[in-house]
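The chain contents come next:
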Amino acid sequence: MCVDRPASGLAVDTVLSDNLGGAREGVEHLLRQGHRRIGYVGDAPDIYTAGERLRGYHAAMDGAGCAVPDSWVSMGVPDPVRIRLALDRMLGGPQPVSALMCGNNRTTVAVLRELTGLPRRPALVGFDDFELADLLGVPVTVVAQDSSRMGRTAAQLLFARLAGERGQPQRIQLPTRLVPRGSGEQRP
Amino acid sequence: MSTDRAGSGDRAEGYTPAITAAPQPFCRAPSPCAGTGRAEVPTSGKAASDARRDATARGARGRPTIKDVAAVAGVGFKTVSRVVNGEPGVKEETAERVRKAIDQLGFRRNDGARMLRQGRQTGSVGLILEDVSDPFYSLLNRAVEEVARAHGALLFTGSSAEDPARERELAMAFCSRRVDGLIVVPTAADHGYLAPEVAAGTPVVCVDRPVSGLAVDTVVCDNAGGARTAVEHLLRQGHRRIGYLGDAEDIFTAAERLRGYRATMAGAGSPVPDSWVSMGTPDPVRLRLALERMLSGRWPVTALMCGNNRTTVFVLRELAALARHPALVGFDDFELADLLAVPVTVVAQDPALMGRTAAELLFRRLAGDRGAPQRIELPTRLLPRGSGELPLQAPTAAHP
Chain A
967 MCVDRPASGL AVDTVLSDNL GGAREGVEHL LRQGHRRIGY VGDAPDIYTA GERLRGYHAA
1027 MDGAGCAVPD SWVSMGVPDP VRIRLALDRM LGGPQPVSAL MCGNNRTTVA VLRELTGLPR
1087 RPALVGFDDF ELADLLGVPV TVVAQDSSRM GRTAAQLLFA RLAGERGQPQ RIQLPTRLVP
1147 RGSGEQRP
Chain B
11 MSTDRAGSGD RAEGYTPAIT AAPQPFCRAP SPCAGTGRAE VPTSGKAASD ARRDATARGA
71 RGRPTIKDVA AVAGVGFKTV SRVVNGEPGV KEETAERVRK AIDQLGFRRN DGARMLRQGR
131 QTGSVGLILE DVSDPFYSLL NRAVEEVARA HGALLFTGSS AEDPAREREL AMAFCSRRVD
191 GLIVVPTAAD HGYLAPEVAA GTPVVCVDRP VSGLAVDTVV CDNAGGARTA VEHLLRQGHR
251 RIGYLGDAED IFTAAERLRG YRATMAGAGS PVPDSWVSMG TPDPVRLRLA LERMLSGRWP
311 VTALMCGNNR TTVFVLRELA ALARHPALVG FDDFELADLL AVPVTVVAQD PALMGRTAAE
371 LLFRRLAGDR GAPQRIELPT RLLPRGSGEL PLQAPTAAHP
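Residue numbers (this note's numbering), protein chains in the order written: chain A, 967 to 1154; chain B, 11 to 410.
Extracted from the complex, chain B is given alone in its bound form (with noise of 0.2 Å):
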């Protein structure tokens, strides 16, 4: 990968040699790392202290180096190398102290000496995801190609439709042409085909499910969590008789989906037959006919709650050649769901959020991070718009 780019403020430098240059992380917060500011720092007395105090303020302006960390943690910066390369030697609780600088400077190693120095010359990740053309992916992708480009990285982005072996020859595929990294939305599959890559020292950070047969980083939302806050939002508009129609129930996010709806209406004493439960990849025909049971006979249902975003489009458009409006929340913000005649209710991810932490957990195993993988939940949030507050229709004759 050529290393005589242009220079671009908001760009890592990449794989220069230039071991005192940091790279640029990407961040849209007040960021400590903007500027290219570097200066000698003392080490012991009120020139120290004083240093702490510029360093910190300097953080602002100035990229932190490992003197500056050195300064704030009040030790030597062999110290700091070796807290920073995970190697022995170093007490407990000067490691922490070390830490805690560099989380409040926000530093960062040079990610392209290091790797040179491993040997890693390729600069480049991979990303496998369900489909690019999904918004929420393409919202993911987007941002896990700004984190790569700010480490100085390419990323290359194939589409797994969910098919585990179109899954698996990507990530050979991938692997094959050395990328340095995998960033993955697994299938439901095993996945101990890639143990023997993780073991060579390609991290893998899973992203919106977890995976089975191999222990690494993951990203997920509190899908359950979310959906009982949608569910709750319903039952407190006064509705019980609520349907589900979500994806396929082998895909991780919808069975978490599924199992905080029927938590949630248990916990609220309202029993769930069969026909209000509408489970498959979303297809207009089987969600046609599902509507059709639910919001017919004698105990319609009077809201709906649909598991992901593309679910809820297809639902939508049947209601409307239904011309049918039980109270509707979804899961997963769309474009435009705020313009539609009823503006829709959502419980909204944030797949940038996701994309982005997934990319810099990637990116700190690349920098040399040992440590136990982790495992992020994000937030959902509620967004109510309209069509979850729908007034519950008062009940008749035939609809007691």
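Bound-form chain A, shown alone (with noise of 0.2 Å):
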């Protein structure tokens, strides 16, 4: 029973978000608010959720007829050095990005911490909610998933199959949900 990423070499059941079509729907909110210049930050490449949703950003990019150039993207652990520098090219220079879209929760509070401070905060779209993103000084916009239903589908699933349940291996894919609040709201 795999939750959250698929296990390569298994056939086995798999409860996942759609990452993809949630990460494609924060930068294209972003893109209906009058942003064409977003950079994207994420996890390390080669996790499954953080490949998906870099997928999904491409996709909407690709979609509204945007380039991206590389300085635009940066992958990696979320660490804060790494993401101060990201940060520091993405937005520094002649084009910066007037908007960002965060891969994940760790990487998003990473990001929101660089940006303290500083004068012009580009408008800023989160994957996955995080407890307390509503009272920030600008509360955060995130697309969310639900954990409690994956890990609670996952185990009915897992139950099912203890009680004997043979079918196919099954792939659930849940959706994911826009949380507007204000700082994916911010126009270019």
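No lab work stands behind these hints, which were simulated from the structure alone.
Remember, it's a predicted structure, so these values are computed and weren't measured experimentally.
Every residue gets a Cβ at the ideal spot worked out from N, C-alpha and C, and that includes glycine.
Careful, some of the hints might be misleading.
Away from chain B, derived, C-beta distances all over 12 Å, residues of chain A [as the list claims (entries may be wrong)]: (1) Ala1030; (2) Gly1058; (3) Arg1127.
Derived coverage of chain B by chain A (criterion: at least 3 residues anywhere in the stretch with Cβ under 8 Å from a Cβ of chain A; other residues may be distant) [unchecked claim]: (4) 252-259; (5) 326-332.
Dock chain one against chain two, each of which comes alone in its own frame, and use the hints as you go.
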């Protein structure tokens, strides 16, 4: 029984979120506000969810006809130093990004920390909700998963199997939910 | 449990019968236990004192063995073994020298071999806490897991949801699966039911709260003292009307923190009307009503103390909705406290340290430590970030 990500080499029930679709929706939300220069900060690219969400970002940008220079994408373990350097790159120079999509809650929090005190903050959408996102200075717009539902679904599947259920391995994809709170509705 | 795991620098060798290899304890501080160096050590004369010095030096690089301890203490191998196993036949002053040498070198006995000798085969420990999804307990959980891993043990964790019946079910389930030991965040109910397990040799360590009905090692924080620190901080800013919102009073930590608040207010000569105190399971509706009561009327509070992280977060939300900004200190830190519009002043515990301490106590017991049950009280830390230092508003005609 796999949850959050599929396992390679194993044909088992899997419960996931719609990582690609959710990320695409987050970026499309920013595109709808008028942003065209949108950066992406994600987790280590070998992690399945990180890879899928990056694909969703690219799908949305391609769909809007926006070219994505390499400097607008930074993937890796949410490390403050790497994130600071990536943000300097994305926000500095003649064509800074006007919005950011963050690939998970830890990345979002690390980015928020680095953005503290900056005079001009980009619009921001984060993948994954997190406690207090609504209480920050600028409440954070997120694409939320439902981790309790994911756990519950996976456990129910497992107990169905234990009870003798013998059908084909199932792949259940749970939808995500865009929660606009402020940071993602800033116009460029 | 399989013993043929690939070697890993930070993992104990677990249950292999190689008695000479001491398990790697979990240490972040500069460790005397890193690496695998071992050398023959003379036990008398200048060679011995050189060896003592060398052993100390090597302590910084290699895993100390019983021979190293013997050299440093100036005793025989068998004497060290007796002290480590708690066997009789060693003079107290000699035992003390041996224990000092053990501490100095960071020697750890081979738990795995001993467990095999004692017939312990499961290599697992159980952890029962209130709620695995609570950030405080998740940090504690992870810390216990890392210590267990370093001792080659598997960790099973369950949530009690503060329900004594559920907690007891979990404890019995873990015991029936023959865990080697239990770490428990106990509910308020009597835990005498665990006495037979403890007597049969399954050590239990209690964490976060003490337990009734059982004399076992306990790791708690200085709840009353931490609450006192928080209230004194607010008193120092000039507040006299300070409200308190805490968890259900039958929870030990909640009661202790309330006690600290009341004692400090009494000490400052500030009487506390009933309307300034609201205790119960953190619930937005109850908290909203309590806050409206505390912040209205002729004598509204000017500051609040919140008894734990969940209460603080709910209260912050209700205050934002009410657009009221009393000064605020929360007990327990929480993520993003520093990023809020007004960063939150907290009295912080260290749940990872608490978990680590409890787990290390448990593994000492598993290694044969038969001393009296210990009670370890960890200090708290005030982190003034802004919300606790909001300037006291000048008295007005309505609020003199």
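Verification of the hints:
1. With a least CB separation of 31 Å from chain B, Ala1030(A) remains clear of the 12 Å interface cut-off, as annotated.
2. The claim that Gly1058(A) is not at the interface with chain B holds, since no C-beta of that chain comes within 12 Å of its own (minimum 23 Å).
3. Remark: the non-interface label on Arg1127(A) is consistent with the geometry, its nearest Cβ contact in chain B lying 21 Å away (cut-off 12 Å).
4. As drawn, the stretch 252-259 of chain B meets chain A at 0 residues by the rule of a beta-carbon pair under 8 Å; below three, the given contact is violated.
5. Counting residues of the stretch 326-332 of chain B whose C-beta lies closer than 8 Å to any C-beta of chain A gives 3; at least three are required, and the coverage claim holds.
When the structure is compared with the earlier hints, a violation turns up for hint 4 alone.
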